[in-house]
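In order, the protein sequence lines correspond to chains A and B.
So that you can map any letter, position 259 of the first sequence is 240 in my numbering, and since no number is skipped, the others follow by simple counting.
For my numbering, add 77 to where a residue sits in the second sequence, where the first one is 1.
FYI, nobody ran anything at the bench for these hints, they're computed from the structure.
One thing to keep in mind: the hints can contain errors.
[To be verified] Have a look at the derived ranges for each label pair, beta carbon to beta carbon:
id, chain 1, residue 1, chain 2, residue 2, range
1, B, V214, A, A141, 45 to 55 Å
2, B, R152, A, L487, 36 to 46 Å
3, B, E229, A, L487, 41 to 51 Å
These numbers were taken from a predicted model, which means no experiment stands behind them.
Built from N, CA and C at the ideal position, the CB exists for glycine as well.
So you can see what is in the structure, the chains are spelled out below.
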Amino acid sequence: MTASAILIQFLNGLASASSLFMVAAGLSLIFGVTRIVNFAHGSLYMLGLYLSYSLFELLGGGPLGFWGGVIAAALIVAVFGALVEVLLLRRIYHAPELLQLLATFALGLIVKDVALWVWGPEDLLGPRAPGLAGAVEIAGRRFPEYDLFLIAIGPLVLGALWLLLTRTRWGTLVRAATEDREMAGALGVNQRWLFTGVFALGSLLAGLGGALQLPREPAQLFLDLSVISDAFVVVVVGGLGSIGGAFLAALLIAEIKSFCIGLGDVTLFGAVFSFSKLTLVVEFIVMAVVLVLRPWGLLGRAPAVARSSGAVEPPLVLPSPKLRLAGLAMLAALVLLPAVFSGYTLILMIDIMIFALFSVSLFFIMGPGGMHSFGHAAYFGLGAYGAGLLALKGGVPMELALALGPLCAAIGALAFGWFCVRLSGVYLAMLTLAFSQIAWSIVFQWDAFTGGSNGLVGIWPAAWLASKEAYYYLALSGCGLGVFALWRILYSPFGYALRAGRDSPLRADAIGIDVRTLQWAGFTLAGLAAGLAGALYAFSKGSISPETLSVPRSVDGLVMVLLGGIQSLTGPVWGAIVFTWLQDVVAREIDYWRAVLGAIILLLVLAFPGGLAGALGRLATRLSGGKAAPGAAT
Amino acid sequence: MLLGRNGAGKSTTMKSLIGLVRPLSGEIAFAGRRVERLQPYQIARLGLGYVPEERRIFTDLNVMENLEVGRQPPRENAPRWTPERLFELFPNLGRMRDRPGGRMSGGEQQMLTIARTLMGNPSAILLDEPSEGLAPVIVEQMARTILELKREGLCVLLSEQNLHFAQLVADRAYIVEKGQIRYSGSMAELAADDAVREQYLSV
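Starting from the given sequences, assemble the full structure and let the hints guide the process.
Structure follows, in structure tokens:
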């Protein structure tokens, strides 16, 4: 690269950093004060971009249409954010944080389908900015004027935010509430309006970040997820709740991405290495490195020990004889099922069983393990690809491939888990997300080996398992054994120690439990089980694509576990059944299935903050006159 | 003055009064209103100040900003406070207005947490073990401050394990055990009653 090319790439990076910073700063502010990880933040960005596109036309184009549209779009998104806070989030501030995450995720699904309904599936490219449509010559190259404007606006927003937070009473209250909102309340600070204000401000920033991209990128429906994952990375790299950190991280990541694009294909040691392909994953690599070196981000600080410790998790009691009987009855019903049903029902049941195992394996580390994984699909996918590649390219018999696939996943979990168990809370979740994204991009880009985006086709089970009935029994025995083994382990000394490590790492440490190694082992076990689910999935479908280990698949798992109730033994199974069935029915019957799914999730979250199994358990308790086991332990 | 051993229920009583802990049963009245269903911020705005045992200073905020968070409009029938008046009461704080709360000593933080609560111009104030973990010199200073606050006309409810400190500042004493009030009387009577002290307070 020449010096002028380097300069231009540097400026490109600066221009991209601005919007990224605005989204991330909004996310960081909202998290800092409300402790809600707003999964719908990318949707707010997308909404800002779409709105500014429409407002441009509505306001008659020209400078008023553009600049007025950008500002109006940001304001509309801010009002929308405030409404969301008042109507939805206020009802769930006391719910477990993961349930709040689920609610904002559902909101994102609804926004996406509303955007699809209003603006259609086509990409919409906005107009150039009036007055800034030209280009200036920098170091002999043409550089868009609008990008220079973007470069300036990032630091301006940073400065304005800094003044707001340090020079106004409102900002002081926001900072106080970020540190200890309970104490701020005891001093007479009304948190309700503070929270609404912060949510509106965060939404405004996201909407503005999106609207300002109008001349640079087309409005697209996938933007919500891509922006939210970028924003998460920036916030975590910069340090949760640190606005300056978000700015620094946005610069760092935008610059690295920009230079990866600039470098293009480079020949290293005789092999062509594509840096531009690296852009899909480079931010996650940066995040993984930062989290390992500085677990709380560049400018973040170790979180204060929670003052009001959350609700104490009720212990898992042994299933009552009645419940065991019900379980046996259910198993018998499953065994007899192929005698009654055939064809599509069996296919759906196989899916449900596979996802039940996937969901229970995620529950295993999230509930009793206390490790919230946002990237569990990595192990599902590794199991699927491991088995598929062994069968297709290795010529291994299907039965052996099915056994070895999960081992691939366990090896992956062993390697990733070593890093993950060194962190906790949101940081651990983000690192698991990073690792799954890295695994995904390797699979996605390694065309020669994994088939790239096309995936692998022709992964069929052995002849004696080819019939639907036979495969049904294979899936039933594999998933049944997997689920039972995980449950059984929870009542072994290992399981007790795992829960002790979750509830009080320090005390567990003090009585001689090696918490980290234990969590590492738990993480690997869960990876093994998820890998088994993945391998069974690969042979049941005959083909797999990178989707098997993508972020949406991880989110599916989260939704199942959270729907069922995170501290309930049977909950993840119920969650998997309801979710898989809903997705199947709703997706087949309704065009806007995401919105319907989102609405159903929202209703469930609002109605049953303890998860489905928790609600069923309470119902059972009420029916049996209050003598049954506590709900959350069923 | 609330007295009692560790775990007797002193802090929980105070947290229920300000609304941080919801009482399972019973009524709490303050300033002529039932408050047990109100949010902490609503109770605080009725004129009840709360100084927690753990101090809970905003460590990111400096002294002036900590005071700003506590600021509420002045009310009738209660002493009015400004930062300048508070700095007369706590001269140390006046010399470190820009210092972040996280870089102050324990005694300074204890002064700041009281000053912060006073910025709400309360008519009554809950002090949860203000002498805990402080050097003897600072404890004496704290006692003088509390007497000064009483002279200002502020109603002070103090919880304490330190009987000596309690005798310096309190008029009436209530002894709590297992969440129940076991004894009430004037501080002087309690000081004279060895049997009661032996039964409820000695370790």
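Here is what the structure says about each hint:
no., hint, in the structure
1, B/V214 with A/A141: 45 to 55 Å, "holds, 46 Å"
2, B/R152 with A/L487: 36 to 46 Å, "holds, 44 Å"
3, B/E229 with A/L487: 41 to 51 Å, "holds, 43 Å"
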